[in-house]
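J.: Take a look at the letters that make up each chain.
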Amino acid sequence: MSLYKVSPFGTSSRFVGFENFLQLFQSGRFLQSVYTTLIFVVVTVGIGLVLSFFLAMLLNDKIPGIGIFRTLIFSPYAVSPAVAGVLWAFLLSPLSGYVSYLFLIFFKVQPQWLTTYPLALIAVMIATIWQNIGFNVIFFLAGLQSIPKSYYEAATIDGANSVGKLFNITIPLLSPITFFLIIMNISSSVFYSFAAIDVMTEGGPSNTTTTMMYEVYREGFFYFNNGAASSESVILILIMAFFTYLYFKFGQKAVHYQ
Amino acid sequence: MTKKQKRTVHVIIKEVALIVITIIMLLPILLSITMSFETPSEVFTYPPRIFPNTLYFGNYVNAFNSIKLGRLLINTIIMSVIIVAGKTVFGILAGYAFANFKFKGSSLLFALLFVTIFMPAEMIMIVPLYKLMVSLHWINTYWALTIPFIASATSVFLMRQYFLTIPKELEDAAKIDGAGSIKYLTKILIPLSKTMIGSVIVINFVYAWNFYLWPLVVINSNSMQTAQIGLQMLMTTGATRNWGIITAGTIIVLAPVLILFFAVQNLFVQGIVTTGLKE
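Quick note, the sequences are listed as chains A and B, same order.
Adding 47 to a residue's 1-based position in the first sequence gives its number in my numbering.
Adding 26 to a residue's 1-based position in the second sequence gives its number in my numbering.
These are calculated hints, taken from the structure and not from any lab test.
Each hint can be trusted.
In silico BS3-like cross-links for lysine-lysine, where the CA-CA straight-line distance does not exceed 25 Å:
| hint | chain 1 | residue 1 | chain 2 | residue 2 |
| --- | --- | --- | --- | --- |
| 1 | A | Lys196 | B | Lys29 |
| 2 | A | Lys109 | B | Lys32 |
| 3 | B | Lys40 | A | Lys109 |
| 4 | A | Lys212 | B | Lys32 |
| 5 | A | Lys109 | B | Lys29 |
| 6 | A | Lys196 | B | Lys32 |
| 7 | B | Lys130 | A | Lys296 |
| 8 | B | Lys30 | A | Lys212 |
| 9 | B | Lys29 | A | Lys212 |
| 10 | A | Lys109 | B | Lys30 |
| 11 | A | Lys212 | B | Lys40 |
| 12 | B | Lys30 | A | Lys196 |
| 13 | B | Lys40 | A | Lys196 |
If we take Cβ atoms under 7 Å as the criterion, some of the chain B residues that face chain A in the derived model are:
| hint | residue |
| --- | --- |
| 14 | Lys40 |
| 15 | Pro73 |
| 16 | Val141 |
| 17 | Ile150 |
| 18 | Leu257 |
| 19 | Gln258 |
| 20 | Trp269 |
| 21 | Thr276 |
| 22 | Leu280 |
| 23 | Leu284 |
| 24 | Phe287 |
Yeah, the Cβ is synthetic: ideal placement off N, Cα and C, and Gly gets one too.
Using the sequences provided together with the hints, build the complete structure.
T.: Structure (structure tokens):
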């Protein structure tokens with residue numbers, strides 16, 4: 048379909064070769080959506096995984112009540128991107144929002160989170176990172192618990208300090224789980240963040256929160272431009288296929304089995 | 027300080043840190059619960075409150091009245107049950123096939139399947155899939171909401187991984203006792219895999235309940251829509267956003283899946299720990 052021009056109601060179509068793709072790369076909106084997606088993915092996956100890793104480290108200790116802490120910190124897993132979007136839109140809203148209120152007290156400003164650039168993009172990123180933490184912590188914690196205690200004991204006898212243990216034991220042994228989480232997080236940031244964007248900003252202000260997936264939706268179901276939407280999907284598939292290829296090529300090799 | 031005292035200090039610091047972090051993590055949900063119980067006049071008072079003054083249920087009633095939330099929830103339940111049942115049954119069957127039988131092209135087929143875990147079909151193929159629904163006259167029906175999603179790579183993958191951990195000797199023993207492949211699956215494998223099947227059910231229920239883009243596209247009548255889209259409707263009804271009603275609606279939509287998650291969380295995480303990590 049990406050090679051055809053289709054009339055809005057799908058009644059007729061004609062073959063146009065790569066014209067749809069050419070037009071995409073000439074349109075500022077599509078290139079902007081690629082750029083937005085790139086920033087969005089790098090920030091949400093990067094910050095999300097680092098935060099989740101430290102949370103999992105904190106949770107990997109036998110102290111009283113740890114079961115309750117784990118259950119509660121896992122709970123965003125059950126929260127949908129749409130719910131996360133609404134919750135954060137509420138916290139950041141200028142009239143009743145708690146975060147906006149704190150900004151007013153501490154910085155004497157009340158930012159318009161959802162309607163100005165780049166705050167709107169940051170707001171959607173916060174909601175996405177928060178929503179992903181539950182899933183990431185579950186997997187990181189599972190990974191941490193599969194590392195045998197004896198490795199740490201041996202390292203202590205050899206005189207390693209806790210930073211050394213972190214970099215020489217924990218992080219290398221967690222690499223398979225980290226690779227898996229990176230690819231899952233990329234997929235979730237690229238695709239499932241759609242709902243958060245839709246409830247929070249609907250792609251605005253002036254398309255600054257329009258990711259590639261949102262752009263596909265808009266072309267296909269708002270402007271009824273099926274050819275363009277399909278071309279965008281094809282490019283999205285190629286990009287994701289590339290990441291999946293990287294995962295299989297390097298992710299599997301870099302895995303440290305015991 | 028003795029070693030024991032050191033440990034005590036360490037535990038106390040960690041406890042405090044965890045309490046603070048957990049509260050911060052849950053604040054979006056907790057503060058929304060507060061807001062959902064505030065009366066219309068309190069909703070717009072400034073500064074916002076941490077705890078509600080009264081337990082006002084009007085917002086919950088209004089959330090059900092301003093959009094057809096009851097109907098949307100029923101739609102979501104029907105959709106989720108069908109999707110969960112399909113994905114679980116097909117996950118078990120296909121997982122069994124990939125784990126216990128070698129057939130021509132099985133590894134290629136499995137690799138192809140694995141790739142789709144990262145690329146949800148309803149997202150990357152949204153336009154052609156939508157066209158298919160149009161030509162089947164499935165727009166605005168449960169068919170469109172469920173049939174394309176009654177099987178999934180994630181379930182197949184998880185079931186296969188789990189079945190691989192079950193010793194082959196069991197299958198040989200069953201065969202000697204005269205049990206066929208189907209009998210081995212239903213009488214031995216499935217009872218042994220209860221934890222994993224439980225996890226698969228939870229994963230799929232969360233997935234189906236939280237479905238968003240697809241219903242948005244294939245459903246355009248308000249009474250066939252799902253609850254997640256209801257939230258977007260609540261956000262866009264009315265000239266100003268009434269956060270009391272919006273948060274009440276959000277809590278209603280969130281509650282079933284959150285309660286299920288709390289109830290079976292131990293089992294679910296165990297399933298992931300024991301299988302999800304093994305290659």
